[in-house]
Amino acid sequence: MCGIVGLLIKNPAMRDELGELMLPMLIGMTERGPDSAGLAVFGDRISKGKVKFNLFATSADFDWNSFEKAFDSHFGSIAELTIKGRHAVLSTTVIWESVRDWLVHSYRRELTILCVGSSMDIYKDIGTPGQVAERYGFKNLHGSHVVGHTRMATESAVTPQHAHPFTAGHDFCLVHNGSLSNPNSIRRKLEPLGIHFDTDNDTEAACRYLEWRLREGDTLEQAVQSGFEEQDGFYTFLMGTENKLALVRDAFACKPAVVAENDDYVAISSEFRSLARLPDIKNARLFEPAPEELYVWTI
Amino acid sequence: MYGQFSDMNQYLHHNLDKSNVSNIRIIHPDGAHSIAVGLDVPVNIEIEGHAGYFCAGMNKQANVTINGNVGWSVAENIMSGMVRVKGYASECAGASGHGGTLIIERDASLRCGISMKGVDIIVGGSVGNFSAFMAQDGHLVVCGDAGDGLGDSIYEAIIYVRGKIKSLGADARIEPLTDEDHKVLAKLLALAGFKHDTKEFKRVASARQLYHWNADANQEY
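Quick mapping for you: the protein sequence lines, in order, are chains A and B.
Just so you know, we're using this note's numbering here: the first sequence kicks off at 201 and counts up by one.
Just so you know, we're using this note's numbering here: the second sequence kicks off at 385 and counts up by one.
For reference, chain B alone in the conformation it holds in the complex (with noise of 0.2 Å):
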C-alpha cells in the first residue's frame, strides 16, 4: 500500500492485529519521524532505510528491524519485543525504556539509554556521552568505547563496556564482572550476534553513594 506515514502508522494500530499479516516491510522511509511508533502486536516490521526521530517508540511484542540509520530517540519507552538498528543510532537511543531489546550494530551517539528502566541495549560499536544517565535498571552493553559522564547518576542498571572510557560519571564505578554477569552478558551477545569474549568486558555499576543524603558531607559550594 502506498501513502502518508500518519496512514501507516494508522493501519499498523488499528488494522494489524485483526488481520493474518505477520511480516511487513516499509520502504523509502526517507528519515520520516515517528515510524512504527506504539505497536503492540506481535508482527516482524522491516524499514528499508534511514528512519527519523522516534522509530519504533513505546514498541511492545513486535520485533523491528531497521536497515539503515535512525534519528533521535528510536525505541524510546520500549516495553517489550525487539528492535535493531543495522546502521547509526542518533542521541538518546533506548531512552527510558522499560523492558524489550534494543540493538544497534554500529553506533550510538549521545544519551544513549538515559534513564533506562529495565530494558537491554546492545550496541556493536561506541556509544556517546552521558550515556546511561540515571539508568534505573537492564542492561546497556558497548562493544566499542564509552564517551564521558558513562553512568552519571546511575541507580540499579548494569553497563558492560569492552573498549576504553572516556570518563565515568557521579557514583558510577567499575566492578569485575561475576559468574552471573558472565551469563547475562554473554546470553546478550548472542542475542545480537555480536562474537566477542565476555572477559574482555568491565562492568560498570553504581556505587550508591547518592542514593542517601549525607549531612556531614561538605556542603560548600
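Only chain A is shown next, with the shape it has when bound in the complex (with noise of 0.2 Å):
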C-alpha cells in the first residue's frame, strides 16, 4: 500500500505552520503505511558557498560532537551541526563532494547520508507516522512545501534508510505509492554510468532514474515521459524540487490520489480523509489526476 502527502503554501504568511497544516495529512494515512515514515521539507536557501548534509546515525550511542572535531580538524574548517536524536544537518563551506567522499571513507557504517543541498532538510525513520513525526518535531516544520510518505513495506527490508523520500542529486527527492517489476533493470542501466545505490529499494531505481534523466538535460516531462517507458510496473509518484511539486500516476493509474487546490495552498493525498481538516477545504477545487499526465505547482 503505502500513503503519499504533499503540500505547497503559495501564501507565504501560512509557511510557519507548514509542518501544523502537514501533520494531520501524514498521520491520517498511517493505515496505509504504519511500518515506517518520512518526509522531505523545503524551506529557506542556506547562505550563498554553503552546502547541507542531512545525515542519519545507524546507532542512537552516536558520538556526534566527536564526529563535529573530526570534520573541524579533517577540514580545517568549522562544521554547523543541527542534532535532532539521530538526525542532524551539517552545513558547511567546504567543497560537497570532498565532505561527501569523506562521510562515506570514514562513516559508512555509522551515518547514512540522506540528503544532500541547499534548501531541502529530510527526516525518515521506522515507526507510526505518529512516532515519527513525534520524535522528529515534524509539528514545528516551518517552509513553503513538503513531501511526506506512509510506507507499508512490499518488497524490501523495514530500515529506515528504506523509508521514503528517497532523494537523489541536489535538493530533488521522490516518495511512491505502488510498486515497480524492473527496479534491477534500472539499477544495471545506470550504475555502469557510476551512480551509486544505497539500498535495494524499488523507489530508490525510480528516484535516481529520474534525477539522472534531468541531469542529463532533460525537462521534468521529458525525464517522466521517458519514465513511462523505462518504469514498469504501478505507480504514483510524488517529486519534490527546491521550488516545484511534481505529481504523476502510471498508464493503469491503480494507484490513487487526490488534489485539493485554493489560492493558500495545493495538497496532495492517496485519499481524501487525509485532506479533511485543512483550512477552508469545502471551498477547494478537488481532483483526481488523470493517468500518465504530469501535474507540476511551483512556489
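A couple of the hints might just be wrong.
[As the list claims (entries may be wrong)] Stretch by stretch, here's where chain A covers chain B in the computed footprint (C-beta under 8 Å, at least three residues): (1) 414 to 427; (2) 444 to 457; (3) 472 to 486.
I should point out that these hints are in silico values taken from the structure, not numbers from a laboratory.
In this text the structure is predicted, and so the values were computed from the model without any measurement.
Think of the CB as a built atom: it goes at the ideal place given N, C-alpha and C, for glycine as much as any other residue.
Dock chain one against chain two, each of which comes alone in its own frame, and use the hints as you go.
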C-alpha cells in the first residue's frame, strides 16, 4: 500500500504553519503506511557558498561531538551541526564532493547521507507516522512545501534507509505508492554510468533514474515521459524540487491520488480523508489526477 | 447521535429495521471509508460531504444520496435500491453491481461499472479508462465522454455514450439504437434527471466474438 502526502503553501503568511497543517495529513495516512514514515521539507536556502548534508546515525549512541571535532580537524573548517536525536544537519563551506567522500570513507557504517543540497531537509525513520512525527518534531517545521510518505513495505526491508522519501542529486526527492517490477534492470542501466545505489528498494531506482534524466538535460516533462517507457509497474509518484511539487500516475492509475487546491495551498494525498482537516477545504477545487499526466506546482 | 463510523454502521445494520426511522443524515463524513455499507432497509440516507472508499457498498433497498464526492468503489456490488452521488466518483464505481441504480452527477473515474452484473449506472459527466470491463448485464449511460478500452471483453451489458469514445476495448462495438434502446435510455435519463435527447447517444455492446474459442484463429503470440 503506502500513503503519499504533499503540501505546497502559496500564501507566504502560512509558511510558518507548514508542519502544523501537514501533520494531520501524514497521520491520516497511517492505515496505508504504518511501518515507517518520512518527509522532505523545503525551507529557506542556506547562505551562498554553503551546502548542507542531512545525516542519519545508525546507532542512537553515535557521538556527534567527536564527529564534529573530526570534521573540523580533517577539513580545518568548522562544521555547523544541528542535531535531533539520530538526525543531524551539517552545513559547511567545504566543497560538497570532498565532504561526501570523507563521510563515505570514514563513516560508512555509522552514518547514512539522507540528502545533499541547499534548501531540502529529509527526515525518515521506522515507526508509525505519529511516532516518527513526534521524534523529529514535524509539527514545528516551516517552509514552502513538503513531500511526505507513510510506508507499508511490500518489496524490501523495513529500515530507516528503506523509508521514503528517496533523494538523488541536490534538492530532489521522490515518494512512491506502488511497486516497480524492473528496478534491477534500471539499476543495471545506471550503475555503469557511475550512479551509486544505497539500498535495494524499487523507489530508489525510479528516483535515481528520473534525477539522472534531469541531470542529462531533460525537462521534468521529458524525464517523466522517458520514465513511462523505462519504469514497469504501478506508481503514483510525488516529486519535490527546490521550488516545485510534481505528481504523476502510471497509465493504469491503480494507485490513488487526490488534489485539493485553493488560493492558499495545493494539497495532495492518496485519499481525501487526509485532506479533510485543512482550512477551508470545503471550498477548495478537488480533483483526481488523470493517468500519465504530469501535474506541476511552483512556489 | 455522535460516534464512530463503526457504531453508525452497527446501528444501520441492527437497529434500523426495528425502528420507524425513515430518514437519516450523516454529517462530517470527512472522507471516511465504508459509510453505510451493507444496508438492507428501505431508508433514505443523506451524506453531507465527501465520502471515502466503498460508500453504500452491497446496498439493498436503501436510497443513499452523497452530497459530495466519493472515493473508490461506491455502491460496489449494489443489489437493489438507489445510490446518487452529487459530485465526482473515483475508480470502480458500481463495480460488480447486481441490481439497483447508481447515479453519478459529475464524472466517474477509471473502471466505472467493471464486471457489472445487472446494475444500471447513469453518469452525468465522463467516465475514465477501462470502464465496463467484462460487464455482464445492466446498463451504463455516459452523458459525457468515455476513456480508453470502453467495454473491453463485454458480455451482455449495454453502454450508451453521448460524447466521444477514446477507444473501444476488445469485442466491444458501436451499434445503432433500437426502439427498445430509446425507451430504456429515456427511462434511465429521466430517473437521473438528466435532460438529453436519446438520439444523441451511441450504443456499445458485445460483438460476441470472444464467446467461443476459435480454433482457426492465428494462435501465434
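Evaluation of the provided hints:
1. 414 to 427: Per the Cβ count (4), the hint holds.
2. 444 to 457: That given contact holds, which follows from 3 residues of the stretch 444 to 457 of chain B lying within Cβ reach (below 8 Å) of chain A.
3. 472 to 486: holds (count 3)
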